[in-house]
Amino acid sequence: MVTLPSPVAPRIALHPDRLLPADPGTRSIARELYDAVRTAPIISPHGHVPARWLAEDAPFPDPTALLITPDHYLTRLLHAQGVPLTDLGVGVADPSPEQSRAAFRLLCRFWPAFRGTPVKLWLEQVLVEVIGTDLMPTEDTADLVYDAIAARVAEPDFRPRALYQRFGIEVLATTDDPCDDLRHHTALAADPSWPGRVLPTFRPDRYLEAGRPEWPRLVDRLGEVAGVDTGTLAGWVTAMELRRAYFAAHGAVSSDHGHRDARMAPLDPAAGERLYAAARAGRATPDEAVQLRRGLLFEMARMASEDGLVMTLHPGVCRDHHRDSRERLGTDLGADIPVTTEFTTALHPVLNAFGTHPRFQLVVFTVDETAFSRELAPLAGFYPSLYVGAPWWFLDAPDAMERYRAAVTETAGFGRTSGFVDDTRAYLSIPARHDTSRRADAAYLARLVADHRLTLDEAHQIAQDLVTTTPRKAFRL
Amino acid sequence: MVTLPSPVAPRIALHPDRLLPADPGTRSIARELYDAVRTAPIISPHGHVPARWLAEDAPFPDPTALLITPDHYLTRLLHAQGVPLTDLGVGVADPSPEQSRAAFRLLCRFWPAFRGTPVKLWLEQVLVEVIGTDLMPTEDTADLVYDAIAARVAEPDFRPRALYQRFGIEVLATTDDPCDDLRHHTALAADPSWPGRVLPTFRPDRYLEAGRPEWPRLVDRLGEVAGVDTGTLAGWVTAMELRRAYFAAHGAVSSDHGHRDARMAPLDPAAGERLYAAARAGRATPDEAVQLRRGLLFEMARMASEDGLVMTLHPGVCRDHHRDSRERLGTDLGADIPVTTEFTTALHPVLNAFGTHPRFQLVVFTVDETAFSRELAPLAGFYPSLYVGAPWWFLDAPDAMERYRAAVTETAGFGRTSGFVDDTRAYLSIPARHDTSRRADAAYLARLVADHRLTLDEAHQIAQDLVTTTPRKAFRL
Amino acid sequence: MVTLPSPVAPRIALHPDRLLPADPGTRSIARELYDAVRTAPIISPHGHVPARWLAEDAPFPDPTALLITPDHYLTRLLHAQGVPLTDLGVGVADPSPEQSRAAFRLLCRFWPAFRGTPVKLWLEQVLVEVIGTDLMPTEDTADLVYDAIAARVAEPDFRPRALYQRFGIEVLATTDDPCDDLRHHTALAADPSWPGRVLPTFRPDRYLEAGRPEWPRLVDRLGEVAGVDTGTLAGWVTAMELRRAYFAAHGAVSSDHGHRDARMAPLDPAAGERLYAAARAGRATPDEAVQLRRGLLFEMARMASEDGLVMTLHPGVCRDHHRDSRERLGTDLGADIPVTTEFTTALHPVLNAFGTHPRFQLVVFTVDETAFSRELAPLAGFYPSLYVGAPWWFLDAPDAMERYRAAVTETAGFGRTSGFVDDTRAYLSIPARHDTSRRADAAYLARLVADHRLTLDEAHQIAQDLVTTTPRKAFRL
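Protein chains in written order, with the working numbering: chain A, 1 to 477; chain B, 1 to 477; chain C, 1 to 477.
It is possible that some hints are incorrect.
For chains that are exact copies, the list does not tell them apart, and a pair is met inside one copy or across any two.
In silico EDC-like pairs for lysine to aspartate or glutamate, Cα to Cα no more than 20 angstroms straight-line [claimed, not checked]:
1) K120 x D17
2) K120 x D220
3) K120 x E458
4) K120 x D457
Just so you know, these hints were derived from the structure itself, not from any lab.
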């Protein structure tokens with residue numbers, strides 16, 4: 001523990017019962033349920049940690065580059081306090097040590113802005129349990145906390161592989177471009193000294209968005225990598241099939257898709273070729289580009305029914321809402337905003353085609369939580385292929401998790417859900433995120449035991465399933 | 001009680017405090033409120049039990065045909081586990097005893113999938129309180145439970161009429177086709193030995209859906225039954241008026257309507273006749289068919305303002321989402337999925353026409369729960385004719401009921417709601433469903449007493465009203 | 001205290017712990033948090049009390065004209081019980097004393113209909129704490145309560161200014177027409193004996209609604225008052241700028257806008273002039289009128305970025321849903337019904353233009369609570385200019401407030417919210433409304449302390465901020 005000499009410096013107090021219900025009887029049930037799964041291995045079937053980190057096992061960079069700059073959960077709310085994103089290192093090519101330290105001070109100064117958010121829970125747990133300091137981030141403690149992290153990062157047991165084992169990760173999925181050669185996954189698989197399991201995930205979004213200016217170039221590149229002429233829709237399809245097979249051969253179990261809406265609908269082959277040709281020539285209207293994207297996504301579903309890669313959807317987000325930030329600083333900086341998202345009609349064609357297909361499996365996430373009780377739980381409560389994804393992104397927080405279980409369970413039970421998905425690039429926070437989910441599920445289950453909807457035994461089985469069989473089934477692990 | 005010899009077989013434990021809040025102080029208030037209404041007679045103003053059952057009073061069939069095959073709450077979630085619907089008897093003309101027993105085994109095997117759903121609460125309560133076995137359904141106990149039910153079904157006091165009295169039903173509404181001759185209702189009314197009250201409900205959906213291929217044939221049949229030429233819209237209107245009068249003369253107090261959306265809007269008479277003629281000739285476009293349906297539904301509202309039948313709406317469901325199941329096996333098998341549903345604009349014309357009409361009364365149900373606080377409670381909080389229907393279908397569950405009360409009460413109070421509606425064809429589960437609702441309302445009221453929003457006396461009055469005056473007023477009983 | 005001689009007359013019991021959580025441990029935390037802010041001065045940055053009341057300081061009228069007729073929270077739910085609005089004085093030019101008393105009897109008779117609504121909480125608190133009677137309104141006590149209020153209203157310490165000080169109001173914003181000369185605000189500012197702070201708010205809705213028949217006349221009047229020819233769009237813009245400056249010079253800190261949707265989008269200047277000219281000539285289509293309104297609202301945002309008046313939006317309500325009541329009796333009588341409201345796309349243009357502008361500040365309210373977690377909290381969690389408005393209108397109630405905090409906090413924290421806004425013309429109820437909000441926030445914070453998401457110290461700071469720095473920052477007070 002790195003500690004301040006002053007006895008009055010505020011400390012982080014990680015209460016062992018945090019996030020468990022206040023009612024004493026319910027809390028004791030929740031504590032028992034949580035304790036039984038607290039140390040279960042972490043299954044992380046969807047996330048954004050680069051495979052390179054584990055393949056190369058290099059030390060992490062400075063605290064700001066490690067914890068702040070790449071984490072849009074932090075940058076967005078700091079930006080909302082009036083902090084320029086560049087002051088946090090976003091879009092800054094090579095920040096100086098002074099810039100990094102200054103950015104960290106900004107985080108500490110505005111730390112009270114995170115009260116009530118899960119970011120506060122996660123980062124404080126990281127500081128105590130991963131870094132080993134219980135100093136509360138404040139303007140006064142900023143440099144001490146920064147130094148504590150920097151010192152810890154330099155230690156040999158703080159390399160990515162050591163942490164992987166210390167965190168108790170059983171499997172970790174990355175998210176990868178279809179043209180990626182997966183060299184890091186290959187290296188890991190070939191390394192006899194590496195006991196972990198790191199799987200690629202096929203994420204082809206950009207190759208389906210025919211309305212974007214870079215699309216023709218990307219599709220050319222896809223053709224080169226696959227060794228197929230992508231000048232036709234048929235060629236695009238073949239190239240994708242080949243790349244999916246490549247990913248599957250490297251351990252992938254799922255593809256991931258995040259478009260503005262959830263719709264996928266088949267294209268008549270001839271009309272599809274015409275649309276595709278128009279888009280290649282830059283002559284597709286915005287509506288045609290959307291129609292083509294929905295057709296290409298339907299093709300992805302069709303491939304999934306054949307190659308058995310689980311299809312996961314993360315729709316309904318307006319990406320890069322603030323154009324100026326996008327143009328100056330790039331994407332994924334915290335300006336993505338959800339929109340109303342519809343599933344019953346959008347998924348009609350694909351579920352009619354493959355909804356009862358034994359090879360097809362679809363995990364649907366949403367940031368429009370109104371869909372949970374209205375559409376997703378009813379769909380998952382009928383179609384054996386469809387699973388309701390765990391609370392995602394803005395909903396990855398204790399109250400939202402409770403609402404998710406309350407909205408889904410009464411219609412679809414527990415077994416039609418996906419298990420927790422950390423969806424993060426913040427590697428250090430993975431245990432804290434899974435821990436939060438386990439606490440939230442224990443809290444929900446305890447409530448059902450306390451009002452006698454479940455027996456304690458039933459709740460124990462469910463709590464175990466939710467961290468073992470449930471994600472393994474939803475993601476075919 | 002039929003019990004297993006083995007002392008380790010799992011037992012159903014129906015805790016007397018189930019569904020009541022965990023906090024001890026709140027629970028004791030809830031228990032007192034619940035106890036005061038626990039045995040109040042059951043008013044069931046909307047459901048799907050066939051009148052024939054009570055008129056003929058024949059023994060129930062085998063356990064699977066009684067409990068599984070016709071209950072889409074069960075078949076849907078079993079289908080989601082990968083069980084073919086035909087294995088549950090759906091669409092099977094005359095299942096063999098072996099098939100029925102095998103289907104029951106599937107239910108028992110997958111019983112854990114129902115954990116957290118109200119189906120588990122209802123069926124376990126049925127097993128203990130109606131059947132008289134406390135054996136938990138499992139693969140091991142399946143045959144014993146099956147035999148226990150089969151034995152019970154054969155007993156004379158297990159006939160529909162005996163159960164009606166044992167269940168303490170005061171009034172039971174059925175759901176009937178406008179062309180139905182209501183012979184079973186007539187027989188019951190004429191039977192001096194029958195002390196119950198079974199009312200028909202006028203459900204004309206199919207006669208309004210001009211976009212369906214069977215519509216012209218149905219409308220012909222309507223004309224025959226009513227003795228009116230339905231070749232014109234005016235004829236259709238007259239025929240409906242006559243059939244409504246026939247239903248009213250047989251005790252009906254309401255008509256029920258379940259279309260894709262809630263809109264009803266008047267048709268200009270001449271344009272209406274043209275639309276109707278086009279639809280009769282099979283020449284109406286899909287949009288025109290929708291426009292005609294909304295016009296016909298508006299006519300229903302106009303009739304309601306004259307004949308005083310309460311109009312109930314159950315909109316917003318995509319029926320038969322899975323076409324293949326529909327084509328092979330029929331409807332009502334668990335593949336109906338809710339959609340976003342709008343009311344403020346949709347009901348504008350009808351509320352402007354009849355919203356303050358003293359004879360008009362409209363009870364609006366929804367499976368899009370976002371409408372409760374946004375639209376339905378505000379509407380019911382102004383229009384004396386409009387009542388917010390109880391949580392329906394997917395929302396007929398403890399957590400959803402709590403959300404319903406929390407969403408509606410602060411804007412519309414308790415008196416602008418409909419009282420509980422079981423909406424079921426699962427006759428045996430009627431007491432369990434009403435019991436769940438009474439517990440949920442007691443839990444909600446207890447919370448308001450515990451935080452001093454209501455006095456205990458006020459809560460007692462409300463709890464009594466909710467099972468007596470509230471449904472009687474909403475349904476004009 | 002005015003009391004009935006009969007010991008059995010029902011009494012209002014205002015429990016000191018009302019609205020605090022039932023769990024004893026959580027309640028004691030909530031009580032401590034609430035006690036620390038209970039008597040903090042009231043900041044009321046948005047409401048509908050006329051400045052004239054405070055400028056003239058005349059006695060209030062009779063109890064019905066004071067409490068019932070102008071309060072659509074009361075008239076709407078009484079209308080839903082079947083009470084004609086005219087019986088409550090709505091649209092009645094000069095009600096007789098008998099009519100006023102009869103209206104008050106109706107309120108008392110139907111008082112049970114308000115159980116579970118915040119109206120009951122507010123009015124009972126007003127009766128006990130402002131009027132000084134603990135008689136529960138019933139048919140039997142109606143005249144006694146009426147007389148108690150009438151007697152109290154006649155007392156000198158019951159004048160508006162005396163109550164302002166007794167209520168502990170620090171600042172009170174009114175809502176005013178752009179053409180208002182603000183004479184009452186001027187008089188108050190010039191009165192050395194008046195220690196309060198009453199600010200106008202610029203509310204130009206009617207001048208943007210080019211689709212309404214009165215629009216050309218209103219725009220003419222705007223031109224006269226501003227001394228600018230409003231025959232062109234450029235003239236309209238100049239006139240608005242001048243009136244905003246006039247308001248700012250008289251202390252205004254915000255403008256307020258309540259249209260059907262939240263969209264604002266710039267007009268091309270030439271096209272804007274053409275649209276404006278068409279609208280002036282009464283030739284604009286409904287779609288063009290909407291387009292023009294959105295363009296004019298965008299201009300308001302542009303002005304806000306220059307003059308620094310905070311822009312507040314209250315969109316998403318279908319005003320005067322019941323046309324017959326509107327035509328006979330006017331507006332604001334309880335027939336306004338919310339509609340689904342979208343923000344992510346609607347606010348895209350304005351946030352791209354001014355979202356990071358240091359002078360621009362936007363507070364967004366909604367009665368479509370689905371937007372809180374999906375759109376408003378994400379937007380406020382990125383854009384430093386955007387604040388999530390407090391629960392408004394139908395959502396201004398304990399359970400809805402809890403849902404609001406639960407939906408917003410995990411994504412945006414506490415500091416990106418507006419602080420409580422009473423939005424009322426019911427002057428006597430202002431303390432009760434703020435008290436309800438303080439209790440609700442204490443309850444929410446106590447829950448976060450009880451499950452160790454916040455320390456007690458953190459919760460105390462937040463509770464203080466929410467009634468001091470938070471509204472001051474959001475409204476630039």
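ask   = Okay, which hints does this one fail, numbers in order?
value = Checked against the structure, the only hint that fails is number 2, while the rest are satisfied.
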